[in-house]
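Assemble chain B onto chain A, guided by the hints.
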Amino acid sequence: MLRMRKLAKTYRTDTVITQALAPFDLEVQQGEFVAVVGPSGSGKTTFLNITGLLEAASEGEYWLDGADVCALNDKQKSRLRNEKIGFVFQSFNLIPELNIYDNVEMPLRYRKLSSAERKARVNHALAQVGLGSRHSHFPSQLSGGQQQRVAIARALAGSPAFLLADEPTGNLDSKMADGVMSLLKEINAAGTTIIMVTHDLEQATQASRIIEVKDGSISEVKRPAQAIA
Amino acid sequence: MKDFLPILKSLKSNYIAALLFITQVAITFTILVNAIFLALEKREVISRPSGLDEHNIFYVATNLPVKDAEKKALLEQDLLRLNAINGVTSAAVSTGLPLTGWGRLVEVATKPDTKYDTFSGYYGGDAQLVKSFGVELIAGRHFKKEEELTARVDGYKIASEAMVTKALAKSLFDESWEQIVGQTLYINNKPQRIVGVVKTLQSAWPSWVVVEHGVISAVKETDGIVNFVIRTESGVPTSVVDQTLSYLMETHGRKIDKVEMFTDVKARAYSAENAASKTLLGVIAGLLLVTTLGIYGQSRYGIVKRFKLIGIRRAMGASKGEIIRYFMLENVILTCLGVILGIISAIVLSVAFSNVFELGTVPMSYMIYGSVCTLLLGQVAVFYPAFRAAQLPPAVATRIV
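Which chain is which? The protein sequence lines are A and B, in order.
The C-terminal residue of the first sequence carries number 1010 in my numbering, and the numbering is unbroken.
The C-terminal residue of the second sequence carries number 403 in my numbering, and the numbering is unbroken.
Just chain A, same shape as in the assembly (with noise of 0.2 Å):
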């Protein structure tokens, strides 16, 4: 489903060459739960960042649900943002003058969907997550564990091919976090592929698999059992 080859990014200044990523493959196959770990500055975001159509690498090949993302243009890029991924983001990315129905609401209007479609969409996505009955909400009128639900609504209600979580529990505290951790095993065991980038080790081993990031390279591939031991 997602298959990398040789992908690198590097950063050129005038002055200076950063590697973020050195040269790396991966493939992620259909209903995988894969965790990314690695120390901050390791290169996580840069690699989520690439994966998620938001920047372009340096080199290499990317194919994602068979589309070369590599030959893509920015409209291209962001039909396949829209339809593939769903994004959950450690600060959840809500838009505040919003209320929930409409931040759920918001990936869908890019798509020629009718409004009776969406609707439903919505309201299942939301359902989904426990927020059925809040829609007239705005973001600030709920916990942080309920906004990240809601982060999560929005990226289901476009049914990607894949979730990519970014740190998603990072800002809450722990019960709320073990709330959204269940929440999206739920969701993986429903289908749906994700990939989190964590720098939480005991959340990592959730996963179905380990990929650690280290200064700039993905170093190792782990099952959970090993990284425990």
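Check each hint, because a few of them may be wrong.
Said to hold, decoys possible - Straight-line C-alpha distance at most 25 Å; calculated BS3-like pairs for lysine-lysine:
hint, chain 1, residue 1, chain 2, residue 2
1, B, LYS117, B, LYS159
2, A, LYS856, B, LYS310
3, B, LYS133, B, LYS260
4, B, LYS11, A, LYS900
5, A, LYS893, B, LYS322
6, A, LYS856, B, LYS322
7, A, LYS893, B, LYS11
8, A, LYS893, B, LYS4
9, A, LYS900, B, LYS14
10, A, LYS900, B, LYS4
11, B, LYS73, B, LYS257
12, A, LYS856, B, LYS4
Honestly, the hints are just simulated from the structure, not real lab data.
Showing chain B alone in chain A's frame:
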């Protein structure tokens, strides 16, 4: 249009900035429409035809420095000699010229028993005056040489034939104005038969309400200053002016009171209107510039404030074009609200102006053109900030702010 509702909702939660923007647009629109209307109304006044062959006429105001009994003869001689100058199409004597600010007016009535129906400017001169003015005859006939009379002053008192302007004929006979030919009008209570109608001949005072009303009679006047109206072939050659003056100065005691091109007369008559209209156009240009910069600044600020939101939308699948359209549509919505408010206040201001200054009210077409221009102005001003916003990398969304 998919962004329409989300934009409205965002504006609702950020209504102070939106209101400021709308107010700015409304004020600009109000001032713009009224100022353009005033400026164009003045330009229209300036460009009204005087009726004369404006570019080919000059006049000389001078005296007849002989005894009263000899004045008529001198005048005849002057006219003969001036008409003989090479390059002169027609020379005539007149009691005055349009737009000079100095002239005669008469009361005009259709019946002997009424005091008057209207006022009119008055020109008395020889039979060739109409030709020398270059005014166009549109009904009836010209004066005949044998109808020409000479008086010391107040020629209209002895005149028995007159020509009138179409505007005067229409004010008396409405749409059947052509029937005025052959009728008798009472000019300052003296019955006169109307022999012809000319298209346009303005009176001496450009701001007079009945500036288009004119009566011409074939009576030369010899007292005081006489005006020689000289029409030339194309432009007014200096040689013709020189020859005219050197001929006139052959007579002992002659004083040249004034020599002026008619184009200068007209420019002087409308100098205030001209200056006001130019000032207004300058103000309009300045206002447009300030408003464009204002909209640009506000849009830019609004966009910089929303970098993160732009990143989120991009991450959610908005293309660059969709980001540009979002901000341009937002601008259209705000500008439309401003324009609606502006139309209301422009009408109020225009009615107030027309009551206080006796001006016309701004016609609806100005509101329509004004709305279109304001919308375009808004779009031009917002395009660059919106374009820049669209260039933001979508990875902004993953940065923690």
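Results for each hint:
1. LYS117(B) <-> LYS159(B): The given pair, whose Cα atoms are some 16 Å apart, holds under the 25 Å limit.
2. LYS856(A) <-> LYS310(B): 20 Å, holds
3. LYS133(B) <-> LYS260(B): 22 Å, holds
4. LYS11(B) <-> LYS900(A): 17 Å, holds
5. LYS893(A) <-> LYS322(B): 17 Å, holds
6. LYS856(A) <-> LYS322(B): It holds: about 7 Å lies between the C-alpha atoms, which stays within 25 Å.
7. LYS893(A) <-> LYS11(B): Distance of about 21 Å is within 25 Å: holds.
8. LYS893(A) <-> LYS4(B): Holds - the C-alpha atoms of LYS4(B) and LYS893(A) are around 10 Å apart, at most 25 Å.
9. LYS900(A) <-> LYS14(B): 22 Å, holds
10. LYS900(A) <-> LYS4(B): 14 Å, holds
11. LYS73(B) <-> LYS257(B): 15 Å, holds
12. LYS856(A) <-> LYS4(B): 17 Å, holds
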